[in-house]
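Assemble chain B onto chain A, guided by the hints.
Number of protein chains: 2
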Amino acid sequence: MTTSSLPTSPLIAALSAILDPARVLHSPEDLIPYGFDGTAALSSPATCVVFPETTEEVAALVRYASVNRVPIVSRGSGTGLSGGSVPVPGGIVLCLVRMERILELDARNLTLLAEAGAVTLQIAEAADAMGLLYPPDPGSMKISTIGGNVAENSGGLRGLKYGVTRDYVMGLEVVLASGEIVWLGSKCVKDVAGYSMKDVFIGSEGTLGIITKVMLKLVPKPAAKTTMLATYATMAAAADTVSAIIAAKIIPCTLEFLDRVTIRCVEDFAHVGLPLDAEAILLMETDGHPAVVADEAAQMESIARACGATTVVTAANAEEAAKLATARRAAFSALARVSPTTILEDATVPRSELTKMIQCIQEVAARHNLRVGTFGHMGDGNLHPTFLTDERNHDEMERVERAMVEIFDFAVALGGTITGEHGVGLAKKSFLPKAIGNASLGLMKDLKRTLDPHGILNPGKIFD
Amino acid sequence: MTTSSLPTSPLIAALSAILDPARVLHSPEDLIPYGFDGTAALSSPATCVVFPETTEEVAALVRYASVNRVPIVSRGSGTGLSGGSVPVPGGIVLCLVRMERILELDARNLTLLAEAGAVTLQIAEAADAMGLLYPPDPGSMKISTIGGNVAENSGGLRGLKYGVTRDYVMGLEVVLASGEIVWLGSKCVKDVAGYSMKDVFIGSEGTLGIITKVMLKLVPKPAAKTTMLATYATMAAAADTVSAIIAAKIIPCTLEFLDRVTIRCVEDFAHVGLPLDAEAILLMETDGHPAVVADEAAQMESIARACGATTVVTAANAEEAAKLATARRAAFSALARVSPTTILEDATVPRSELTKMIQCIQEVAARHNLRVGTFGHMGDGNLHPTFLTDERNHDEMERVERAMVEIFDFAVALGGTITGEHGVGLAKKSFLPKAIGNASLGLMKDLKRTLDPHGILNPGKIFD
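As they're listed, the protein sequences go chains A and B.
For the first sequence, counting from 1, position 115 maps to 115 in the numbering used here; every step adds exactly one.
For the second sequence, counting from 1, position 273 maps to 273 in the numbering used here; every step adds exactly one.
Everything labelled a hint here was simulated from the structure, so no lab data went into it.
Cβ coordinates follow ideal geometry from the N, Cα and C atoms, glycine included.
One or more of the hints may lead you astray.
[Unchecked claim] Below, a sample of chain A positions facing chain B; criterion: calculated Cβ distance under 7 Å:
1. Met197
2. Ile418
3. Ala439
4. Ile462
One chain only, chain A, in its complex shape:
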């Protein structure tokens, strides 16, 4: 008897009756890559993985799961950073990467319709080819799927000016927990015909329905862009620059920072010539009409200098701009290679509280004797304190846990949140009640029970 003819479970047999059996993975070696996502120290072996190619196949799979009360965890490329697509024991992993077509690009209405498994970068490139822009650019956009971006309400490096994924979703096709297929939203710029149900599913992390198609809003591509990199002897001076730019009524597309630990790791990794004695660097980009870009870039440079920047470098061309942006784009990869386990956090505060939050992170890290590099979206108040640790070191992991509690408590006390763009998933579940309060959590649980009465959709994520 060969491996392929081994008797399979009733679940595998049932799924193989719904889909071409070639699209039902169940051998242990095939399942390995589906046991985790992009989140450190979180994994759970998958029981089986299915690859539907149409919405009708997704609906048939969900109907089966609903009738038989089998959990379904939907996923795209698995780049999530809160464990949202980590398998549930005994459940079906529903992987949407074969539903990857861009179905329509409507330049007259500035919309793009894609299947959930389409890769974000392909969408961005399709828009770009028409002179249009799909603004959300999460760090994983080269491989992440648009369905995953919508399910997590992903952010990116242009959030300050352009907002996040939610701001670009005009319509969604969703398979409900019953297996019913529903279309929500329209190509209309304005539509108030009843409750905005699409907003319920955006950011719901696969717990309320399975997103199968996405109608996105596009905007005209900015004609010009200028990229600058400023270095600072203190983090406070970098934060002051951000405040002063906003106070000058400038909303740049990007205001990203790296701290000293991150600068050193990036330089070691990418050799972009960063000053190793700097306490902070700030990547600034402005885009739009050439006259605006020239004007804003000049103002931002003088503001940075007035706030104490040691150096301000302006990219002379696209190649130089890409090089400067590399410092920020490489931050996570650079930090990830210096220790066995990299825990990327996502504390976010109102912009005005940035300096306090960064000081808190540094103080907490020192007190718990932990190595933390912090980078992120300074203009959005969205910080990524990143613990460089080793999950085999139980003592250190306990200190990481305690440090995280302190950091999130402080963020919430400042009017902030435990996650700006990564979602709750498994990683932030225990922090959610304190962050949003019982009344708000109660509403969410009511919504979950209403839309998924048997609890088959990604159970145990966001809350129990």
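The following block gives chain B in isolation, referenced to the frame of chain A:
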């Protein structure tokens, strides 16, 4: 016995125990203005009107209503255009106009916190005084309340570039049907800690909860603005201008049109010197950096001429701009004075389908022998066909009903919606199922049952 000491019902007695009795209206003459909103031909006498001054008072009133199963209709200034705040027989009208304070303007975080009864114009002026802009500008903004704007997800004349009310709501305080008070959202630009519950309440027309405070996002005030008015011999040429401007990658803040009937009514009313032989006029505004405004205005003028505009007038200063904008701002008032009953509709289609939709409206009006003036937000595909009729003429009102059915059917067939910015309320309730389909309507009903299990919040609005 004087009028004021007449015995009152148990309901009035109970409400007067919760609030200062001076803030509980129940005499027939006091109730008259609360029996209708801004919607023609829809009214129902109020039983009593209460004026809470704090969130705690709202919560106490809702708890009473919940325990005693009394309907509550919340309202602000009553400027709604779909009958959303028309009283429910035997219910409490909860009027929020005494909760009118602007509580905080935070220039560092670009946010404004206000009570629900704050008037939209006051919010806009408070922002303006800080060099900031609150972009949504519904037609009724001089008297409408921000709570009403959020409950209806109001639009306005700047939607094309700036979006609608939803796009500026960062947080909400809501009194739930149980009387529980919940805060949803934060000052963070990015926040994905669980489902976006605030989006459930935005546009829910008082049927899911009572909004008591609103945290709004502000943007820097544009430094310059140019206003232009183009006239056309055909509506198609005006629509072509809109398409060509978007195709040129320009997103103006305003692209508003009037048709021939509306032009004549406006000229008769406001004497702004409009050409009475024009089939259409287009009000165009671009705002932002002075260089961009100059560049875009020049392009828009040449596009308008290339598309066949008979004349294009550019305002030389703010005074002239205001005069040109008067033509559009006065449209509804001008139409409203020519007939006893003015039924303002709100059909909306994808921008690319505008010409077809306008032709349909004209053809349907002619076939049913009805007088219709159409104006609206051309850049958004949001049309306001306005029936000039008389509700005492039953035969004509029946033809209006039939015409509306045909117009909405056609809008939906074009991928449009029955309401772009006025809401469903009572006026559009019968059209909703066909417009959004049973699956989507089922989700909305599930949500309503979950959040308002006893059906006390604005019952009978949106759907039964």
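Subject >> Interface hint outcome for isoleucine 462(A) [beta carbon to chain B under 7 Å] >> reply: Result: holds, 6 Å to nearest chain B Cβ.
Subject >> Agreement of hint methionine 197(A) with chain B interface, Cβ distance less than 7 Å >> reply: Given a least distance of 5 Å, the restraint on methionine 197(A) holds.
**OP:** Would you check whether isoleucine 418(A) satisfies its interface hint, that is, whether its CB is within less than 7 Å of any CB in chain B?
**Re:** With Cβ-Cβ at 5 Å, under 7 Å, it holds.
Subject >> Satisfaction of the alanine 439(A) interface hint, Cβ to chain B closer than 7 Å >> reply: holds (4 Å)
When the structure is compared with the earlier hints, no violation turns up for any of them.
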